[in-house]
Amino acid sequence: MNTAAHVFRPRLNAARRAEGLVFWLFRGATYLILACGAAVFLNIVFKGAGTVFKTEAPFVNVAFLTEAPESLYIFEFEGKKYELGDTAFRAFKEANPAAANVKTESYVYSAGGIWPCIVGTVLLVVGSMTIALFLGVCAAVYLTEYARDGAFIRFVRLAILNLAGVPSIVFGLFGFGMFVIFFGWNVSLLAGWFTLAFMVLPVVITASEESLKSVPKGFREGSLALGATKWQTIRSNVLPYALPGILTSSILGIARVAGETAPIMFTAAYVVRDKLPWDVDKASDFFFQGVMALPYHIYVVSSKIPQNEYTERVQYGTAFVFLGIVALIAAASILLRTRLRNRYKW
Amino acid sequence: MNEPVPPAAAPGPDRAATFAIRKKRVKLLGLTVDDCIKVFFGGNAVVSIIVLALITYFLVREGAGFFGQNRQNLQVYRQAGLEYVDFIRTQSDEHTALTRYLSDLRLRALRQLTETQGLSLDAANTALAPFDDYSGKFSDAVEPVRGLVSELTEVATAIKTKFIVNEDKKEERRQLLAEGKTAEAAAVVITSVDFAAELKPLLGTLPAYQAANAEFTAKLTAVLAAPPTLPTPELTDRLQRFATLARDYLATFPAVERNLAAWDFRQPVPAAQSFTAFIFGRQWLTASFWQDWYGIIPLFVGSLLVSLVALSLAVPLGVGAAIYINQIASPREQKLIKPAIEFIAAIPSVVLGFFGIAVLGQALRLLSQQSWLSWVPGFPYSERLNILTAGCLLALIAVPTIFTLAEDALNNVPRAFKEASFALGASRLQTTLKIIVPASLSGIISAVLLGLGRVIGETMVVLLCAGNRIAIPDFTQGLAFVTEPVHTMTGIIAQEMGEVVRGSIHYRALFVVGLVLFVVSLLINFAAQKIVRRYRISIG
Numbered sequence: 001m002n003t004a005a006h007v008f009r010p011r012l013n014a015a016r017r018a019e020g021l022v023f024w025l026f027r028g029a030t031y032l033i034l035a036c037g038a039a040v041f042l043n044i045v046f047k048g049a050g051t052v053f054k055t056e057a058p059f060v061n062v063a064f065l066t067e068a069p070e071s072l073y074i075f076e077f078e079g080k081k082y083e084l085g086d087t088a089f090r091a092f093k094e095a096n097p098a099a100a101n102v103k104t105e106s107y108v109y110s111a112g113g114i115w116p117c118i119v120g121t122v123l124l125v126v127g128s129m130t131i132a133l134f135l136g137v138c139a140a141v142y143l144t145e146y147a148r149d150g151a152f153i154r155f156v157r158l159a160i161l162n163l164a165g166v167p168s169i170v171f172g173l174f175g176f177g178m179f180v181i182f183f184g185w186n187v188s189l190l191a192g193w194f195t196l197a198f199m200v201l202p203v204v205i206t207a208s209e210e211s212l213k214s215v216p217k218g219f220r221e222g223s224l225a226l227g228a229t230k231w232q233t234i235r236s237n238v239l240p241y242a243l244p245g246i247l248t249s250s251i252l253g254i255a256r257v258a259g260e261t262a263p264i265m266f267t268a269a270y271v272v273r274d275k276l277p278w279d280v281d282k283a284s285d286f287f288f289q290g291v292m293a294l295p296y297h298i299y300v301v302s303s304k305i306p307q308n309e310y311t312e313r314v315q316y317g318t319a320f321v322f323l324g325i326v327a328l329i330a331a332a333s334i335l336l337r338t339r340l341r342n343r344y345k346w
Numbered sequence: 001m002n003e004p005v006p007p008a009a010a011p012g013p014d015r016a017a018t019f020a021i022r023k024k025r026v027k028l029l030g031l032t033v034d035d036c037i038k039v040f041f042g043g044n045a046v047v048s049i050i051v052l053a054l055i056t057y058f059l060v061r062e063g064a065g066f067f068g069q070n071r072q073n074l075q076v077y078r079q080a081g082l083e084y085v086d087f088i089r090t091q092s093d094e095h096t097a098l099t100r101y102l103s104d105l106r107l108r109a110l111r112q113l114t115e116t117q118g119l120s121l122d123a124a125n126t127a128l129a130p131f132d133d134y135s136g137k138f139s140d141a142v143e144p145v146r147g148l149v150s151e152l153t154e155v156a157t158a159i160k161t162k163f164i165v166n167e168d169k170k171e172e173r174r175q176l177l178a179e180g181k182t183a184e185a186a187a188v189v190i191t192s193v194d195f196a197a198e199l200k201p202l203l204g205t206l207p208a209y210q211a212a213n214a215e216f217t218a219k220l221t222a223v224l225a226a227p228p229t230l231p232t233p234e235l236t237d238r239l240q241r242f243a244t245l246a247r248d249y250l251a252t253f254p255a256v257e258r259n260l261a262a263w264d265f266r267q268p269v270p271a272a273q274s275f276t277a278f279i280f281g282r283q284w285l286t287a288s289f290w291q292d293w294y295g296i297i298p299l300f301v302g303s304l305l306v307s308l309v310a311l312s313l314a315v316p317l318g319v320g321a322a323i324y325i326n327q328i329a330s331p332r333e334q335k336l337i338k339p340a341i342e343f344i345a346a347i348p349s350v351v352l353g354f355f356g357i358a359v360l361g362q363a364l365r366l367l368s369q370q371s372w373l374s375w376v377p378g379f380p381y382s383e384r385l386n387i388l389t390a391g392c393l394l395a396l397i398a399v400p401t402i403f404t405l406a407e408d409a410l411n412n413v414p415r416a417f418k419e420a421s422f423a424l425g426a427s428r429l430q431t432t433l434k435i436i437v438p439a440s441l442s443g444i445i446s447a448v449l450l451g452l453g454r455v456i457g458e459t460m461v462v463l464l465c466a467g468n469r470i471a472i473p474d475f476t477q478g479l480a481f482v483t484e485p486v487h488t489m490t491g492i493i494a495q496e497m498g499e500v501v502r503g504s505i506h507y508r509a510l511f512v513v514g515l516v517l518f519v520v521s522l523l524i525n526f527a528a529q530k531i532v533r534r535y536r537i538s539i540g
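Protein chains in written order, with our numbering: chain A, 1 to 346; chain B, 1 to 540.
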């Protein structure tokens with residue numbers, strides 16, 4: 001059969017060409033976005049990997065991941081060029097008294113590692129997500145299981161929507177005004193936790209609500225018909241099945257909590273701190289100490305020290321580790337979700 | 001479940017025992033356990049309302065004092081005579097601006113002579129001697145007035161310092177009294193400032209000023225009467241323009257004198273002025289030796305411009321990608337691209353800001369210096385961090401938001417619309433652009449608005465990449481303003497909050513900026529919701 005004779009055969013005319021052109025424009029826009037995202041991502045990964053990984057065993061720059069930030073000293077001594085961190089430089093001067101007055105170039109935070117920042121970020125994320133998940137899931141349970149449509153619920157939903165649009169720096173100011181000053185917690189983990197938790201609350205509520213709604217109605221009706229109370233129904237027949245979805249929601253939340261700098265700038269983050277968070281005299285001090293955090297450290301190293309070959313290592317390395325941690329948490333959450341989802345099927 | 005047990009079951013212990021579901025209810029304050037649980041969950045739902053209220057409360061609590069303090073700030077500005085001096089200072093500053101115009105003109109003329117006409121540098125300088133004479137006379141004419149300004153500045157600053165020292169002492173006494181140390185409090189010596197007496201020498205200079213001004217006017221008029229000749233008509237036109245500007249400038253002198261004569265330090269600053277000075281103030285100047293100004297306009301304009309640049313890039317890309325994914329792409333492409341774009345949303349903003357400092361700023365500047373791009377307004381430029389750099393990165397932040405929401409909106413268009421359009425013989429392009437997009441327009445617009453909200457509230461990218469210069473960009477060159485550095489509302493809070501003294505006027509001003517930001521974001525959100533609800537196409 002001659003296909004050319006087919007009545008519905010697409011013919012190449014001006015309209016069709018225009019269509020093709022416009023569609024290519026849209027396609028171009030899509031791939032341009034992806035290219036920009038990839039450019040940022042790959043730039044950080046390639047340059048950062050140089051700091052974090054090494055070519056010889058153990059392949060990972062352990063010092064960078066496990067030490068605290070130090071100042072970097074660059075100097076020439078007896079015809080050799082040295083790049084030493086603060087402690088190493090002091091040891092060098094002790095060993096070579098002649099080097100005491102050597103001319104050095106120094107850059108803060110450019111030697112050593114970022115271990116305290118990693119610890120701080122993980123603590124901030126874990127604490128604030130615990131608070132946000134607790135408040136958010138409970139609120140979502142109320143909204144889906146108990147609430148009847150009315151003025152009050154509409155008001156609650158409006159508040160959630162508006163809370164989602166509040167800029168993160170405003171949360172920072174609020175946290176500063178309320179927790180740091182009014183409650184007198186000073187710059188502390190606790191203040192950071194609550195500030196971040198309130199910031200992600202709308203994300204967690206919205207997503208939890210969605211996954212609670214997706215649990216079939218029959219589950220609830222069956223349980224209620226057997227004489228279970230409302231709470232028993234929710235506890236045994238709704239929440240377990242909604243959990244995978246709720247954990248998915250926490251992915252989005254974690255990415256935001258870990259990534260935001262503005263809210264912790266005045267509530268929880270220190271530019272530099274010698275002690276690790278568990279070096280405290282008494283247990284209650286743990287909650288009332290500021291920590292170093294990766295996003296804030298990136299801000300500090302990219303704005304407060306000049307850009308050159310010596311500082312670039314720590315800048316890219318920190319950014320790479322930070323991106324890696326955000327991706328890792330997200331991946332863990334996705335894995336957990338698929339495992340839970342495989343268990344429950346309806 | 002919560003209904004009371006029917007009374008029929010109550011009498012007769014034997015009957016009650018046989019009834020299976022009969023339970024004893026534990027009651028707490030008249031609530032059953034289930035009621036308590038419900039109240040508990042409800043309480044959590046209210047948290048978001050409470051948080052919103054608390055944000056408002058604490059921003060207002062910390063920021064409200066600003067207007068009172070700013071009023072006092074302006075009051076001192078007047079009482080100490082700073083305002084008086086500023087009348088003359090403005091006059092002298094405007095003269096400086098005109099001088100700058102002249103030196104710019106000289107640079108052009110020199111370039112014209114050496115490059116186009118091929119004169120040597122010495123010959124060109126000789127040719128410009130009459131012009132140098134002209135501009136020299138023009139710039140020297142201001143000397144008497146400028147001398148007066150620097151004299152008066154010292155007087156006014158002294159009065160202001162005296163006043164501030166007094167205020168500090170009053171505060172000290174107040175604190176001592178609050179601590180109960182009456183004796184120490186009494187020992188604090190406060191000599192109240194007699195502004196009328198202090199201002200006498202300042203106001204006494206009016207005749208001197210009038211004399212200086214007359215001399216100044218005479219000199220300027222004489223200079224302007226004899227303009228030099230310039231090599232090309234274009235430059236002569238510029239000189240003419242300068243002469244017009246200078247004459248306009250001369251025409252303002254009587255007004256300055258009138259202002260000075262009519263000025264009265266006793267005139268109170270109206271309460272509203274501390275508000276208008278903030279909302280319409282064109283200067284944000286802190287920690288200055290002369291006078292601090294807290295005007296939000298440069299910051300607001302900065303935020304707005306950066307956001308507009310970001311949106312003008314992000315809207316076509318985001319909406320285009322949403323249309324592509326929703327209408328054109330194959331299911332496999334959809335499955336790959338959607339999570340990828342959502343992943344872009346997960347890139348932390350501070351990392352993007354760092355990328356801007358480390359790579360993009362430099363790359364864009366290099367691009368701007370390519371000769372084949374010199375037709376672009378503002379190119380080439382030298383400031384690495386500016387509106388454009390920040391705008392490009394913010395676009396990357398806004399794109400996932402706009403994409404996701406716009407895609408949702410497109411998805412919500414009922415299938416029947418598309419099918420009906422195809423059945424009428426419309427092509428895919430026609431269906432997409434004339435049926436699907438208009439039907440979801442409200443959703444797309446609200447997506448754009450929410451993208452704007454996201455961008456205007458973004459802090460780290462603008463703090464790192466917008467250049468942080470507190471100034472309203474120069475709009476006279478058209479689109480070239482995008483290559484100028486600005487400061488933003490979010491950036492100023494993040495930058496200055498760590499350095500201010502708690503409770504000071506500067507500290508409170510930052511909270512008021514936060515309040516403005518909060519209100520703006522609420523308004524944007526509100527508009528987005530209104531549009532969705534109002535213009536949603538009813539289905540069915």
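I should point out that these hints are in silico values taken from the structure, not numbers from a laboratory.
C-beta atoms are modelled at their ideal positions from N, C-alpha and C, and glycine is treated no differently.
Just so you know, not all the hints are guaranteed correct.
Covered stretches of chain A (in silico footprint by chain B; criterion: 3 or more residues with CB under 8 Å from a CB of chain B, positions within the stretch not fixed) [claimed, not checked]: (1) 81-95; (2) 141-154; (3) 166-174; (4) 256-264; (5) 309-323.
_Of the numbered hints stated earlier in the document, which are not met by this structure?_
1
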